Amino acid sequence: MQPAPASADPKRRAKFWIGGGVILLSLVALVGWAMGRPNSTSFFYTPSEIVELPATAGSEEYRVNGKVVPDTVQRDGLRTSFDISDGATALAVTTEQPLPDAFWTAMANGSSEVEVVARGRYDGAAFQASEVLAKCPSKFKAKAA
Amino acid sequence: MSLGGLGRPALVAAFFLMALAVGFSLWGALRRKNAAAEAGRRALTAGAGFVGVAGLALVSALFAHDFSLEYVTNYSSRALSRGYTMAALWGGMEGSLLFWTVLLTLFAALALRRPGGTTSMRGWATVVLSGISLFFLLLLLFPANPFRVLADVPADGNGLNPLLQSPGMLIHPPLLYTGFVAFSVPFAFGMAALATKRLDGNWLKQTRRWTLFAWSALSIGIVLGGAWAYTELGWGGYWAWDPVENASFMPWLTATAYLHSVVIQEKRGMFKVWNLSLILATYVLAVFGTFLTRSGILSSIHTFTEGPIGRWFLPFLAAMLIGGLAMIASRLDALKSKNSFDSLLSRESAFLANNVLFLAAAFAVLWGTIYPILMEAVSGVRVAVGPPFFNSVFIPIGLALIGLTGLGPLIAWRRMNKKAFFRMVRVPLIAGAVAVVAPAAAGVRSTGALIAFALCAFTFTAIIGEFVRGSRVHRSREQLGWASALGRALMRNRRRYGGYVVHLGVVLIVLGFAGSAFRVERSAHLAQGQAMQVGDYTLRYERLTRGDTPEKQIFQANISASRGGEVVETLEPQRNLHKVQQQFQSEVAIATGPVEDLYVVVTAIDPDGAASVRAFVNPLTWWIWMGAALMAVGMSVLLSERPARPAPAPAPAPVRRPAVAAR
Chain S
1 MQPAPASADP KRRAKFWIGG GVILLSLVAL VGWAMGRPNS TSFFYTPSEI VELPATAGSE
61 EYRVNGKVVP DTVQRDGLRT SFDISDGATA LAVTTEQPLP DAFWTAMANG SSEVEVVARG
121 RYDGAAFQAS EVLAKCPSKF KAKAA
Chain P
146 MSLGGLGRPA LVAAFFLMAL AVGFSLWGAL RRKNAAAEAG RRALTAGAGF VGVAGLALVS
206 ALFAHDFSLE YVTNYSSRAL SRGYTMAALW GGMEGSLLFW TVLLTLFAAL ALRRPGGTTS
266 MRGWATVVLS GISLFFLLLL LFPANPFRVL ADVPADGNGL NPLLQSPGML IHPPLLYTGF
326 VAFSVPFAFG MAALATKRLD GNWLKQTRRW TLFAWSALSI GIVLGGAWAY TELGWGGYWA
386 WDPVENASFM PWLTATAYLH SVVIQEKRGM FKVWNLSLIL ATYVLAVFGT FLTRSGILSS
446 IHTFTEGPIG RWFLPFLAAM LIGGLAMIAS RLDALKSKNS FDSLLSRESA FLANNVLFLA
506 AAFAVLWGTI YPILMEAVSG VRVAVGPPFF NSVFIPIGLA LIGLTGLGPL IAWRRMNKKA
566 FFRMVRVPLI AGAVAVVAPA AAGVRSTGAL IAFALCAFTF TAIIGEFVRG SRVHRSREQL
626 GWASALGRAL MRNRRRYGGY VVHLGVVLIV LGFAGSAFRV ERSAHLAQGQ AMQVGDYTLR
686 YERLTRGDTP EKQIFQANIS ASRGGEVVET LEPQRNLHKV QQQFQSEVAI ATGPVEDLYV
746 VVTAIDPDGA ASVRAFVNPL TWWIWMGAAL MAVGMSVLLS ERPARPAPAP APAPVRRPAV
806 AAR
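Residue numbers (my numbering), protein chains in the order written: chain S, 1 to 145; chain P, 146 to 808.
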């Protein structure tokens, strides 16, 4: 197979590399810019770690995960509050957002194994969640088996 | 009667047959022994038969409610309807892997159904396909055994997660698996082309239909997943950039790039290394997706190494990736392009730009998906990457792609003079300008949405222009009416116009995405008789209706929606308690239409009947589903094309298909 004459042309080859470099750089720049957008990335903490954080850092959203402490769940209209724990520290979580069906199911069944991930801000006393995700109980079942 | 007892012996038999298939086909391929290669092919086919028996055994056990099998107990129950009993086959990890393997071996047997000699690529393709099958059989025999027997047989099973009990779940997972798995065939033939050094476009032609089939199944599967999320999950959206979704989206992105770059290799003999790398990437990402959804990595980034499956998948993935790259590297000399770019303004560069954008998107999604894992591995810091990241990277790339979708087909192969180019883009450009000015004058202020409208209008007009030019030829030459001329053009060059139909579908989907810029969301806790406002609508919670069926307790909120004082819709969202699982499940109510969807979900109900209501106005979402339907039409046109006969000898020059509209 005969190499194409054009690709041997150093000018063309230089153009190719420059073009490729520009594309790569723009991609890196785009990804970098996107990573810096508000709430693109958030730190993941345990309840023990988050209570150590200064409350003034409250403008940034964090994620926190832990097991729901049974019998702490209270709902009043849209507002729900409950405690989550990592075994060492309990953290109060409040949210105005609806909680996933899996959460209520597990609560109704008296499960003490519900793990949630909450995204939101810590105000020094409670974690104000803008989103709460619950791990699906059926996954636990399959896993434990 | 349950045939569950047959499952494990069938898997053991399939495992040994597949091991034989690997041995024989490898021997046949290395030593060029036709008889051995044929024996390998037959062993693979027989193995596929036994895997099929194992699949049937599990299905029969599910339908016979054979709760002596742990899998049947975990994922089905007596109360489960027939359809969802079938869905239980892929509702759990073990069953879904068995289903994967059934499809894999079936597709392998079909792709290799004609006997082929050792000198052909089939021999090596058999090696690759039986090797992959062997790995999955290993999984099914050891860490993910779907036929594990329970010592105490329960009277009833746990049932299927109610979330999975949706019509979408009957077709969404099988389509995704079909898509993932069918890419095994082009992957195997690509690797075989490397092994045999037959690196012309022949392997592409032989696997073209498999590629299209895989891509179509994956595309429709992804859309149905979005439709399922939209109608079942109750958060008003269809795509959340969660790792499961990303896992299916990444191979789709590389596969779409592959689908396009293949055209260049066929027409111009360029992009050979690129195509092989793309099919390798697609397949590795498909298997990575399968792994990601099963390893437990998803629900928490901490369970990475805990899942029993992860430890098996990682070496397999690494072997495929390193092996594939090494194969490509060892053949780099033979992979040199026959041609090179003539001009920047050429169809070739448009295809190159398409590929770069798709790959950039795939890389960005991959980065966002694995960044948390990397960060934790490197620094021990736990982070999460959210939708703002993915939207920020994907929207610009997606918009560039949609513009290119319209631009590409207007540019001629090799080179084009600028005058001709401007003549082609004039009308689409005007359409694009109108699509900015009109909504802007009507008060639309979202820059992103305006750009999207402009590009959609541009591309839509450009594609319609292609149809007009294509049918004009038939109209003048054969004295046909517009409709039959259009039909003739479509049927004569299905590949080209089928592709354009798919593109039109994509334009409509992007239009639907752009609508999400105008989405409105409101939540309120309402007593019966109270009302809330969302967008232009007033929603009145009239009353709560209770009901009871053998499966569930029903709580239905009757809500009337009025606009300008007039009742326009009545919506009946439900919040039900499924009895077997003791699981709450909200059923969304959607009043859908081309302008906007009114989407209402009840998230909680107090004992006194007061309800937490969450409502959305989702403009243009309807077009996403319409666009997907149009894409499916285009895919059928593409798939209906007769498969190209594989050339007996390496083709000396790329064959040019007759183009309807001569440029």
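Please note that a few of the clues may not be correct.
Here are some chain S residues pointing at chain P (derived, C-beta under 8 Å) [to be verified]: (1) 14; (2) 17; (3) 25; (4) 37; (5) 44; (6) 69; (7) 71; (8) 72; (9) 73; (10) 75; (11) 77; (12) 92; (13) 95; (14) 105; (15) 109.
Computed list of lysine-lysine pairs in DSS-like fashion (alpha-carbon distance at most 25 Å, straight line) [as the list claims (entries may be wrong)]: (16) P:342 - S:15; (17) S:15 - P:412; (18) P:563 - S:11; (19) S:11 - P:342.
If you are wondering where the hints come from, they were derived from the structure by calculation, not from laboratory data.
Owing to the predicted nature of the structure, the values given are computational and were not obtained by experimental measurement.
Virtual Cβ for every residue (Gly too), placed ideally from N, Cα, C.
Now the hints, each set against the structure:
1. Checking residue 14 of chain S against chain P by beta carbon gives a least distance of about 14 Å; that is not within 8 Å, so the hint is violated.
2. Annotation: interface hint on residue 17 of chain S violated; nearest CB of chain P at approximately 14 Å, more than 8 Å.
3. With a least beta-carbon distance of about 12 Å to chain P, the hint placing residue 25 of chain S at the interface is violated under the 8 Å criterion.
4. Because the smallest distance between the Cβ of residue 37 of chain S and any Cβ of chain P comes to about 5 Å, under 8 Å, the interface hint for this residue holds.
5. Against a cut-off of 8 Å between C-beta atoms, the interface hint on residue 44 of chain S holds, since the closest Cβ of chain P lies about 3 Å away.
6. Because the beta carbon of residue 69 of chain S sits about 18 Å from the nearest beta carbon in chain P, more than 8 Å, this interface hint is broken.
7. Against a cut-off of 8 Å between C-beta atoms, the interface hint on residue 71 of chain S is violated, since the closest Cβ of chain P lies about 18 Å away.
8. A distance limit of 8 Å between C-beta atoms decides the matter here; for residue 72 of chain S the minimum to chain P is near 17 Å, and the interface restraint is violated.
9. The beta carbon of residue 73 of chain S comes no nearer than 12 Å to any beta carbon in chain P, farther than 8 Å, and the hint placing it at the interface is violated.
10. Against a cut-off of 8 Å between C-beta atoms, the interface hint on residue 75 of chain S holds, since the closest Cβ of chain P lies about 6 Å away.
11. Hint on residue 77 of chain S holds. Least Cβ distance to chain P is approximately 4 Å, under the 8 Å limit.
12. Evaluation of the residue 92 of chain S hint against chain P yields a violated restraint, the C-beta minimum of about 20 Å exceeding 8 Å.
13. The closest approach between the C-beta of residue 95 of chain S and any C-beta of chain P is roughly 11 Å, which is over the 8 Å cut-off, so the hint fails.
14. Annotation: interface hint on residue 105 of chain S holds; nearest CB of chain P at approximately 4 Å, less than 8 Å.
15. Hint status for residue 109 of chain S relative to chain P: holds, with the closest Cβ pair at about 5 Å, below 8 Å.
16. For the proposed pair residue 342 of chain P and residue 15 of chain S, the alpha carbon gap of about 30 Å is over 25 Å, so the pair is violated.
17. A threshold of 25 Å between alpha carbons decides the hint, and for residue 15 of chain S with residue 412 of chain P the separation of about 24 Å falls inside it, so the pair holds.
18. Simply put, residue 563 of chain P and residue 11 of chain S have alpha-carbon atoms about 23 Å apart, close enough for the 25 Å limit, and the pair holds.
19. For the proposed pair residue 11 of chain S and residue 342 of chain P, the alpha carbon gap of about 31 Å is over 25 Å, so the pair is violated.
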